[in-house]
Amino acid sequence: MAKLIGTDIVPPDLMAKITGRARYAEDFRVDGMVYAKLLVSPVPHARVKRIDASRALAMPGVVGILTADDLPELPAPGEQCLTNEPRYEGEPILAVAAVDERTAAEAVEAIEVELEELPFVLDPLESLKPGGPDAWTEGNVLVERKMKSLKWTGVDFSTVEQGQVPVGEPTAQWSLGDVDAALAAADYVLDESVVHQTQTHHPLEPRSTLAYWRNGKLFCHVSNQSTARMRTAMAAGMGLPMESVVVIAEYCGGGFGSKITGSPIMYVAPHFSKKLGRPVMHRVTRYEETHFGRSRPGFQARVRMGFRKDGRMTALDLFIVEDHGSYSGGGDYNTASNLAHFMYQPENMRLRAVPVFTNTPPRAAQRGPGGIQIVTILEPLVDKAAWALGMDRLEVRQKNAPRDGATFGPRGTTASSIHVQEAMEQGAELFGWKEKVALSRRKEGSRVTGVGMAISPYTAGSIGYDGLVIVRPDGKLYVQQGPGNLGTHSVMDTVRAACDALGMPWDQTEIVWGDTAKGLPWSCPQGGSQTTHAHTRANHAAGMDARRKIQDIAAQTLGGNPDDYDMAGGRVFAKSNPGQAMTFAQVAEKAIALGGRYDGHVVPEDIHAMTKEAAAMFVGQGLMGVARDNFGREANVTYSWTVGFALVEVDTETGEVDVKEYVAASDCGVVVHPRSLGAQVLGGSIQGMGVALRQRWVYDQRFGEALAKRLYTARPPGILDIPKEMKWSAVGIPDPATPVGAKGIGEPPMGAGGGAVVSAVADALGGTFLKRTPLTPDLILAHLAGVRKPWGPLEVHVG
Amino acid sequence: MDEVETRKLLERRLSRRTFIKGVVAAGATATASAYLFRASPLLGAVAQSTGERLLTLNVNGQQRRVDVLPNETLAQTLRYKLGLTGTKVGCDRAECGSCTVLIDGVSHYSCSVLTHTVRARSVTTIEGLQNPDTGQLHPVQQAVLDESGFQCAYCAPGFIMAMVELVETTPRFTRDEAAHALSGNLCRCGDYQKILNCAMRAGELARAARG
Numbered sequence: 000m001a002k003l004i005g006t007d008i009v010p011p012d013l014m015a016k017i018t019g020r021a022r023y024a025e026d027f028r029v030d031g032m033v034y035a036k037l038l039v040s041p042v043p044h045a046r047v048k049r050i051d052a053s054r055a056l057a058m059p060g061v062v063g064i065l066t067a068d069d070l071p072e073l074p075a076p077g078e079q080c081l082t083n084e085p086r087y088e089g090e091p092i093l094a095v096a097a098v099d100e101r102t103a104a105e106a107v108e109a110i111e112v113e114l115e116e117l118p119f120v121l122d123p124l125e126s127l128k129p130g131g132p133d134a135w136t137e138g139n140v141l142v143e144r145k146m147k148s149l150k151w152t153g154v155d156f157s158t159v160e161q162g163q164v165p166v167g168e169p170t171a172q173w174s175l176g177d178v179d180a181a182l183a184a185a186d187y188v189l190d191e192s193v194v195h196q197t198q199t200h201h202p203l204e205p206r207s208t209l210a211y212w213r214n215g216k217l218f219c220h221v222s223n224q225s226t227a228r229m230r231t232a233m234a235a236g237m238g239l240p241m242e243s244v245v246v247i248a249e250y251c252g253g254g255f256g257s258k259i260t261g262s263p264i265m266y267v268a269p270h271f272s273k274k275l276g277r278p279v280m281h282r283v284t285r286y287e288e289t290h291f292g293r294s295r296p297g298f299q300a301r302v303r304m305g306f307r308k309d310g311r312m313t314a315l316d317l318f319i320v321e322d323h324g325s326y327s328g329g330g331d332y333n334t335a336s337n338l339a340h341f342m343y344q345p346e347n348m349r350l351r352a353v354p355v356f357t358n359t360p361p362r363a364a365q366r367g368p369g370g371i372q373i374v375t376i377l378e379p380l381v382d383k384a385a386w387a388l389g390m391d392r393l394e395v396r397q398k399n400a401p402r403d404g405a406t407f408g409p410r411g412t413t414a415s416s417i418h419v420q421e422a423m424e425q426g427a428e429l430f431g432w433k434e435k436v437a438l439s440r441r442k443e444g445s446r447v448t449g450v451g452m453a454i455s456p457y458t459a460g461s462i463g464y465d466g467l468v469i470v471r472p473d474g475k476l477y478v479q480q481g482p483g484n485l486g487t488h489s490v491m492d493t494v495r496a497a498c499d500a501l502g503m504p505w506d507q508t509e510i511v512w513g514d515t516a517k518g519l520p521w522s523c524p525q526g527g528s529q530t531t532h533a534h535t536r537a538n539h540a541a542g543m544d545a546r547r548k549i550q551d552i553a554a555q556t557l558g559g560n561p562d563d564y565d566m567a568g569g570r571v572f573a574k575s576n577p578g579q580a581m582t583f584a585q586v587a588e589k590a591i592a593l594g595g596r597y598d599g600h601v602v603p604e605d606i607h608a609m610t611k612e613a614a615a616m617f618v619g620q621g622l623m624g625v626a627r628d629n630f631g632r633e634a635n636v637t638y639s640w641t642v643g644f645a646l647v648e649v650d651t652e653t654g655e656v657d658v659k660e661y662v663a664a665s666d667c668g669v670v671v672h673p674r675s676l677g678a679q680v681l682g683g684s685i686q687g688m689g690v691a692l693r694q695r696w697v698y699d700q701r702f703g704e705a706l707a708k709r710l711y712t713a714r715p716p717g718i719l720d721i722p723k724e725m726k727w728s729a730v731g732i733p734d735p736a737t738p739v740g741a742k743g744i745g746e747p748p749m750g751a752g753g754g755a756v757v758s759a760v761a762d763a764l765g766g767t768f769l770k771r772t773p774l775t776p777d778l779i780l781a782h783l784a785g786v787r788k789p790w791g792p793l794e795v796h797v798g
Numbered sequence: 000m001d002e003v004e005t006r007k008l009l010e011r012r013l014s015r016r017t018f019i020k021g022v023v024a025a026g027a028t029a030t031a032s033a034y035l036f037r038a039s040p041l042l043g044a045v046a047q048s049t050g051e052r053l054l055t056l057n058v059n060g061q062q063r064r065v066d067v068l069p070n071e072t073l074a075q076t077l078r079y080k081l082g083l084t085g086t087k088v089g090c091d092r093a094e095c096g097s098c099t100v101l102i103d104g105v106s107h108y109s110c111s112v113l114t115h116t117v118r119a120r121s122v123t124t125i126e127g128l129q130n131p132d133t134g135q136l137h138p139v140q141q142a143v144l145d146e147s148g149f150q151c152a153y154c155a156p157g158f159i160m161a162m163v164e165l166v167e168t169t170p171r172f173t174r175d176e177a178a179h180a181l182s183g184n185l186c187r188c189g190d191y192q193k194i195l196n197c198a199m200r201a202g203e204l205a206r207a208a209r210g
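In the order they appear, the protein sequences are chains A and B. When we follow numbering that gives the first Met the number 0, the leftmost residue of the first sequence carries the number 0, and every step to the right adds one. When we follow numbering that gives the first Met the number 0, the leftmost residue of the second sequence carries the number 0, and every step to the right adds one.
Okay, chain B solo, but in the shape it has when bound (with noise of 0.2 Å):
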């Protein structure tokens, strides 16, 4: 761009946006908002008119009782309500993954899920693998502990979830097909192999469970 035509397009631009120029920067931030919660009276809050509903949720073999706004997601009630941080959030657009649950058994990303679609429903998340009693490890947290892996480690809650559906549903699979099941999931870290050699491993395990 030349001095002239930079000078031209910035009038266009400023013609185009004068009208809302008082307010411009506040519409912007507005969609780039994501995840936002509100947080339960609990956490210190005021009181408002803010539509919220008491439901009980099965999470991890228990049953929670919490404050749900109709646009809750999930990762916000796990993470911000039920003091249930191993749920991790990267991205809350259902891009990276790491927000990962099973609902029922099946993987969901919980930032895309609103709470209260989930209320008949059974929640596990990371914290929900380890027996409470006995402290045994879930084949694929075993997996993971066998083949080192992960680096940093803020994808493995939703890998492990993912994981954990995949070798709960799936007596045999390939590496293959363990990467297709685990393609909803990103690791910043690139650490692909070590990852399926832990899904790998996690499916030894299962089928040595299952006896």
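Okay, chain A solo, but in the shape it has when bound (with noise of 0.2 Å):
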């Protein structure tokens, strides 16, 4: 019968999502239920002194209070829900708590909190400055995970008047072959230096909990993205057993990486209902929501590429001094690195790199974490290139993007299945890249056209998870999924790599997902685009344990062997005879009868104890397939490739970069479900384009507070700057590593459309790079009009 995947199929929450009956976290209410609300330091860096709450704690209806005291302490960086020492502007104090909010907002005008204002620094080169100030009492650095102040010299400063990020100690660093060496002997050398700024996530839905206890296990509505993950990530941030936590996460209105397994805010609902003993809501503002919900690193990069008169790139050197923000903030310079070599391969290649801590709000993964500031790093300075060198760009790329078997990183890191070149070939026929580069700098009025192209890996795909299946005696298949329900349909369409493995319907498939109490098995968390990959191989693993199970059942029941039969529509059948056949109702039965293993008494013992306690809930209520991801990988890593093509207007009096067509071709394996792919790679771009041109981050250089603060100031794109025609396709090559020859596809896209329209801007302003992103109107302008903008051209936090 006809395969599930490759299809377009309805996700089966869309009902909910269209009808408001969809609950969010927030959408919760229990009785007795309280509501919290945050304290926040006003200030970039302070200490707290005193706290006095007794006005507050004697007003009517006011429940509690909870301080970082309450709390267990984390060491240096770690970052508690609450804290006595605020390193950025927004950071939480406190939480009151009161029979409704505005009486808990009330309570918190009522305390006092005097604070001891600490030296802060917003600008990570600001820190590393002779003499600097660093962002935590501690240092500014962390080496071999201790905290240390690092500081470079005057000379190492000199650069910056050229407008050159200085090259200073490295506290990371990694290289292959002899970059200076390579540079030397290159026919063409670049060495500019690139501002990336930072950029909140914004999820539509802030990230607000609600948490009780009940006979001493833990309760949490969280809004995040995964849901088994969660529960173990919630278990271990308690101090609790994985079997005292119940998370139940229906929906999740975007994360983008910001809300993997939560993020530490979702930490005072759950400590401040185990306080007062009463369930408490801690609802999150969009305001609070800018401070603490995540953003990505900012880089400050250096790059020096060498390349041979035939357009290969022989060497390529990277300096990043990372923004890491005010706490832990990720590993997206390291990231970075290891994707310029997958994109070029550059024999000669050096990573220095230094993440410096600043008094700003925590960064945390954004999608495609160091891929997208990478990608729009590079590929206009790759453009650069092309044209020195007289070379068509898009030639430059097929020259130098790896093909399949090509590894990449320091440690020769193998990949599954690279298909970028017929990417890049399928992307370039769609778009029409010589014909759209024939119009490249067309004027028009006061427009300008240009056309660009960026190619973006990402990872895609983890292994070694867990599947569970259940045929009852209703003759339907029950699918037990522990990925969380961020928007991307995955958790839905990994469902049908088990219905194909039993040619089972969909209309007979049953998904329970979204909350911890139902049975959830071992699963990856939803991030770095893994769960395509990670759980069509997972439930095809507990698809095919079943459906060895109904065989045998069959060929007990029925006689012959258990090859002799096969299955569809909810039936097993003889393949010669058609006639000799059970229902799925029966062949549940039978199994109950049966027993043993296959009616979940006997369990395999390589599933995770989450899965074996996930399939105890189910013994003896029908055929059970269940079975960890043995299939193994030949390769180290899963990755998959956008390849975004744009041609946008510029225009010339207001600054405006208007994007007119885009075209985004992905390298992704098996195509799980066309439309979704379609909304995830073109959904994907869009967000990469408001990173490149828009969504600001401002802080008031004295003060260290935020000034683009709200969606109006930090806009992502809205409907009317997407462009006209968006198109997009995919290679569709199956990756051999994999059983269902599917890829994850979230991350890439990001870098495909933030990249292609820096390169098209650059293009458009007669192939000069202005060198930061976001591209904004007035950042053109003022190239335009050859004006002097008022800071220097390596500062961040101010665009």
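Simulated from the structure, these hints should not be mistaken for lab results. Please read all numbers here as calculations on a predicted model, not as lab measurements. What you were told as hints is all true, and nothing was included just to trick you.
Subject to a maximum C-alpha distance of 25 Å in a straight line, what follows is the list of computed SDA-like cross-link-like pairs (lysine to any residue): (1) Lys723/A - Glu176/B; (2) Lys723/A - Leu204/B; (3) Lys726/A - Thr173/B; (4) Lys726/A - Asp175/B; (5) Lys659/A - Thr173/B; (6) Lys726/A - Leu195/B; (7) Lys723/A - Ala180/B; (8) Lys723/A - Glu203/B; (9) Lys723/A - Thr173/B; (10) Lys659/A - Asp175/B; (11) Lys723/A - Arg174/B; (12) Lys723/A - Leu144/B; (13) Lys659/A - Arg200/B; (14) Lys2/A - Leu144/B; (15) Lys723/A - Asp175/B; (16) Lys659/A - His179/B; (17) Lys726/A - His179/B.
Taking the hints as your guide, dock the two standalone chains into a single complex.
Shown next, in the form of structure tokens:
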């Protein structure tokens, strides 16, 4: 029968989403629930000297206060949900609970907090200057897990006047070959410094949490991307065994990496609820979301590239100063370096990097972490090299980008299926690269056309997770799903792998998800585009396990060998005589009668404890398929690619960039759900264009306070900002290292969209890359007017 | 900034701020508070002289009696007093459109409408679109199903209400016109292509229904 993989199926949760019945974390209500409000720091760095909550606690309706003193202390640079030493404006100091939110807010007003202000720093380079301030009293960098104060010399900083990032002592590095020698021998060398601004994630649903305790068990409604992994994260965070935590997260209003397994603020409600003995709803506001809702680390990067005359990149020297924010901000710089090597395969490469703590909001993975930064930095520079060498820009990329079997990074990492070349070919054809390039720099009134492209790889799959399915006496297939429902449809779409293994129609399949009390198997976290790969595998494993058991039962009941039987439409039948058959309902009854491994009395040893716990809930309820993904993987990692092509018009009078046409071609293996893939690729590309063109991040340099803290000042793309024409395609070459052949696709479109428009804008500006993103209209106008901006070329948090 | 400059700056700041030091944190939070609601006694609140008034609202064709504060927004009332949590609050400042509802058939950001101002008017939320007797979906809802609209769908109720206004007031519209009609709503997933597909399909279905 026809497979479900590769077809358009309406996700079964859509009905709830369009009728208002879909409940997100803040939509739940519990009897006796009280409401928490935060008191957040008004300054970027301070020490709490004294808290006087007596007036607040005396107010009618106020039920309690939670401060950092109520919580376990974490070693530096750990981030607790409340602090006595706020390290960024907006960091929560304490929470107050009351019978309603307004009373809680009024109580917060009545609290006196005495703060001793401490030195602060916003710009990583300022912190690295001799005598520069440190964001933490303990230092500004992390070396071997210890905080340290790192300062460069005045001589190091002498390059700043030329607009070049100083190359001081790094804290992380790797190298391949001899970069300096390769640069000296190169026919063409580039040496440029580029600033990539930090940007807030701004998922539309703020990260609210409702928590309550019953019989020693913690129940949490959390806005988060993962479900099974949120449970283990919450258990670890609260110091509880996994069995004592129930996570209910049926829907998530976007996370984009900021809610993979939640974020520190979600611990306010559980701790507070424990202290008060009442359910606590902690509703987070947009203003708060700006501050503690996570952000992508910005880069101040120095890039040196060497090329041979024929366009081959022979050397790449990256020096990245990462704005690490106030807490552990992720390793974007390292990912960026690996991706750079993967994209252009230079035989000689070096990364030197220093992630520096600053008194700005905490950083975290943001869709394509490190990816869109490096793609938007490198692609316009590769364009520049192509122009200097008199080569077509597509051709330079075809010359350098990897082919299947290539390796990358300092350890020669192998990837399972690399088809960026095919994606470039397909995308160029769909876009009409040759014809479009002919329009490049054409002027019409005040508008100039620019054409650009970008290649963007990212991780696309993990392995080794569990699948759990049950065929019940109602004849239906129940697929238990641990992944979160974060909007990508992967929690629904990966179920198809189990259906296809059993020939099971979609309308006889029930998906159970979103509540760990319902028995969910061990799953990957929903980050790094892992899920489609990981859970088509896990569900294929569970489906095949069920298939073998069904064949066994058919052979035992109807005679012959298990292999004589096939299945489709909820029936198992003899291949030679389709009339010799059992329904799945009969099979389920038989499985229960047989017991043992057939109905979950006996489960495999190698499945995770969470899966064993889930399986135990369904013992004797039907035929159980349960297995770990033991398919292995030939290569070290799985990566997908998106290649983006953009045609823009830059208005030289307004500085506005109008993206007229956009095409994205992807290499993501077998396509599971075409319509949803298109949505991921185009939606991700639009987000990337937002990063590259419009989402501002501005701080008051004197007081360290956020200025662009709302959606209208840090505005993501709206419906009028998107290209009129957008097309997508997929190469569709199955990944041989995974049984279903599918890879993830969430991350790569970010860099493709962002990189292609930055490349196109530079083209429109006569081949001039402004070496800073976002490319806001004022930046473009200042360039066109030849006006110096009021800030230096390397300064951050200014636009 | 060098060290000396930084120190000077800090000194200036401290002197500027010392006089409000004791309450500085509290003041900042006051402006930070976005929509705040006062629960009704049913939700366990203690009785205070809050100035609540009992109003009758027409919501989704039903008369609903509810205690409302003078400064209470419609989004608060719907979500926390009438149990209509389908209306989402993404920003509470008329920036994102997640809270869009119809008031007398016209789309409004319910985060920015005071409840007492809609007393004599008819309010429609996402929960009011499906026919409660037949279960029949509104053409816009059907269009979203047909086109598999939305990703995380936190914006969906707002977009759907804006689309309802569009199809019910505009017999024919182009994709461009649909984009303008929906430009008061944000989709952070960037799923605008599918949203426009939904709007165009909704237009077709609405025309077919009108015959």
